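Participant: Chain residues, written in single-letter form:
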Amino acid sequence: MKTVLSLVVWFVLWEIAGRLKISTIVPPFSAVIEAAIEIAPTEKFGKAAIITLRSFGLGMLLALAIGIPLGVVMARVKGVGRLLGMWVNIFVSAPISALVPILMAVVGIGETTVVVTVFLFAVFVITLDTQVGITHADRSLVEMARSFGASRAQLYSKVLFLSALPEILAGVRLGAIRGVKGVVIGQLLVAIIGVGELFEVYSNNFLMEEFWALVTIVFLFAFAISEAIAALERRVEYYAASR
Amino acid sequence: MKSDFGQRGWQLASFVFFFALWELAGRWPVSPAFPPFSQTAVGLWEMILDGTLGKAYLITAQPLLLGVALCAVAGIAFGIGMGLSRAIEWLSLPVFIILQAAPMAAIIPLLTYMYGIGLTSKVLAVIMLAAPVIVMNSYKGIRNTPPSLLQMCRSFQGTRVQEVLKVVLPHAAALIFTGLRLGLAMGFIGIVIAELLITPTGIGDLISYHSSVADYPKMFATIASIVAVAAISLHLLQRLERRLFP
Amino acid sequence: MIVEVKNIAKTYDNGVEALRDVNLSFPKGQLSTLLGPSGCGKTTLLKIIAGLIPRNGGEVLVNGKPVDGPGPERAFVFQDFALLPWADVLRNVAFGLELRGVERKQREETARRYIAEVGLKGFEHRTPAQLSGGMRQRVGLARALTVNADIILMDEPFSSVDEQTRRKFQEDLLDLLRHHQKTVIFVTHSIEEAAYLSDQIALLSPRPGTVSRIVRPDVDRKKAPDEIRRDRGYLDTVDEIWGMLRQYV
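Protein chains in written order, with the numbering used here: chain X, 1 to 243; chain L, 1 to 246; chain R, 1 to 249.
Isolated chain X, as found in the complex (with noise of 0.2 Å):
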């Protein structure tokens, strides 16, 4: 595993630079795993841990609930699909968080704000990707499928979802990245709750290992969700080139 061979490179630099004190902020690699080791049993971390899990997966939850039937939708009826289609398209790369202070002053402070804020990042890039997997389901599939006689439910069901599942998936993957970074800026702006709230108390105290070390694990979270996604992906691969 060559990229496994590169990101101890990084790790021994890391090492090196830390014990050098080339930086005030950057402590040695060990330092910093030793303060993940040391913060992760706590219960301070594991209530923030919580309450970040709880964030993070309702708003994916609410963004899949939504975004991919809305997907299908837009994809299967064209009206729909031209009256959404600008407003997705614009929302995808929008900055989202310029509204979460809209959200702030409407909903309040606390966790419901950063539950919107996760549906908002991520319900967009997944409305879209699921059109676009549904709009280019294989005309000659669904022909096909309607030649033999295939019920609404069964056409849905056994041609179109699957064969647009590679895109849907992709986009929940993105969509699971963006959440990612949903419930930490919405944690953040909100200031008092989460792992937002321990990014501050790290920072402001300057309690760089312990920093370092909340952000390792929450990068890796963060990858961690996407590779899993990715995996699946790489199940529904296999056909994906040949539709």
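Bear in mind the hints are in silico, worked out from the structure with no lab data behind them. Quick caveat: nothing in here was measured; it's all calculated off a predicted structure. Even glycine gets a Cβ: it sits at the ideal position worked out from N, Cα and C. It cannot be assumed that every hint is accurate.
Said to hold, decoys possible - Footprint (simulated), chain L over chain R, 3 or more residues, beta carbon under 8 Å:
no., region
1, 75-82
2, 91-100
As the list claims (entries may be wrong) - Result set (SDA-like, lysine to any residue): computed pairs, CA atoms no more than 25 Å apart in a straight line:
no., chain 1, residue 1, chain 2, residue 2
3, X, LYS2, L, VAL95
4, R, LYS47, L, VAL95
5, R, LYS65, R, THR210
6, R, LYS65, L, GLN151
7, R, LYS65, R, VAL16
8, X, LYS2, L, LEU99
9, R, LYS47, L, HIS171
Chain X is already provided as a structure; the job is to place chains L and R on it using the hints.
Facilitator: Showing chains L and R alone in chain X's frame:
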């Protein structure tokens, strides 16, 4: 022609639909902080007229453009390097893949600590968010050169230098431009986060000021304007891209 | 003999033996074809002769001297055209000379001549996107002619083109070659095409690729294009080859 009207017609309908929904939602007594579209539009107009919006953008634009420009030069160069050299690729690719997925916002409070709350921090925030996508796109542009074109160049005894200058780089230009466009999108995201997390100046200042005096129409209007500015500039870049690389 | 290959062997990275002990000679000024079913290694052999992919054994001799990589005496025509999408026809055709450092005015002059010869006069400033598949391949052919190589290697050049265009192409190619004394090594999987065009046909059998037969069609090529397709020798050749190849289908 017919389809052109159809598309314009739908775009118009889309706007009307959205703004009508907004108007209705605003009038619903859910929260005093959610103004209807009409009030927001008025607030926006007032801010344009008295120049506050323009001045704010002038301030916010600086770190945004500076950051994206620096990113563009360094990012494209590095991406090309990654594409041409297996050694650089081996060392840097895992890092950039992680950076693309990572919630970089978490590091911003650290920037504030190191570089204060001034221009430097904000430029760095923009760079941190825009760099990965610019680098990755440049890299992919180089790597995705069709093998057939490379073989063709070799069949006419082209040297490696000729290959890179006459085939690889022109071919990568399209993806490099895409990377720049996506980099600008990330730049907008970066500057907004920087304004909200580091210290509000320019647009961020307008947002927090109007929020603190409960002038919600103007607060909304400012936010809507930044979303609109981002959307419009990206749309223009996309049209340019389609023109340059059909 | 202008090109000879001796004991050529090639194994792919995945361990599959593509070619084994291939021995062939290609007479100067003639069109020789490598013919066989998919997977028999004919394109691999052609690219080895072109010097584009390395071989695992044997040697390639051009004018009696062994060669290892591409050279100015050999020009390649690609199956997927391999045109620079951002350059116009004129620049694409002149590309071989551009790589050699020939001055712009001179190389464009040469290119224009061959653009006219392949029938694309007037299209100099179109881009590949604006051309049909057949026209793109004419650009590829013009490019190969422009560098004035003695040996032209063609890798299934007409396979990405429709049937009617293909027939026209075959006729035009024979015509073109009558004017320029080139040696052509041609790869195809079409028996009719091979019989129509070739002075000699090498039949390759699949995995591992080896030469199973060499056929010299007894066709009177001085006839008109349509008459050749009804020539006795042509029809006999086609039947003979099909008889030999059908076992591999």
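Participant: Enumerate the violated hints, using their earlier numbering and listing them in ascending order.
Facilitator: 4, 7
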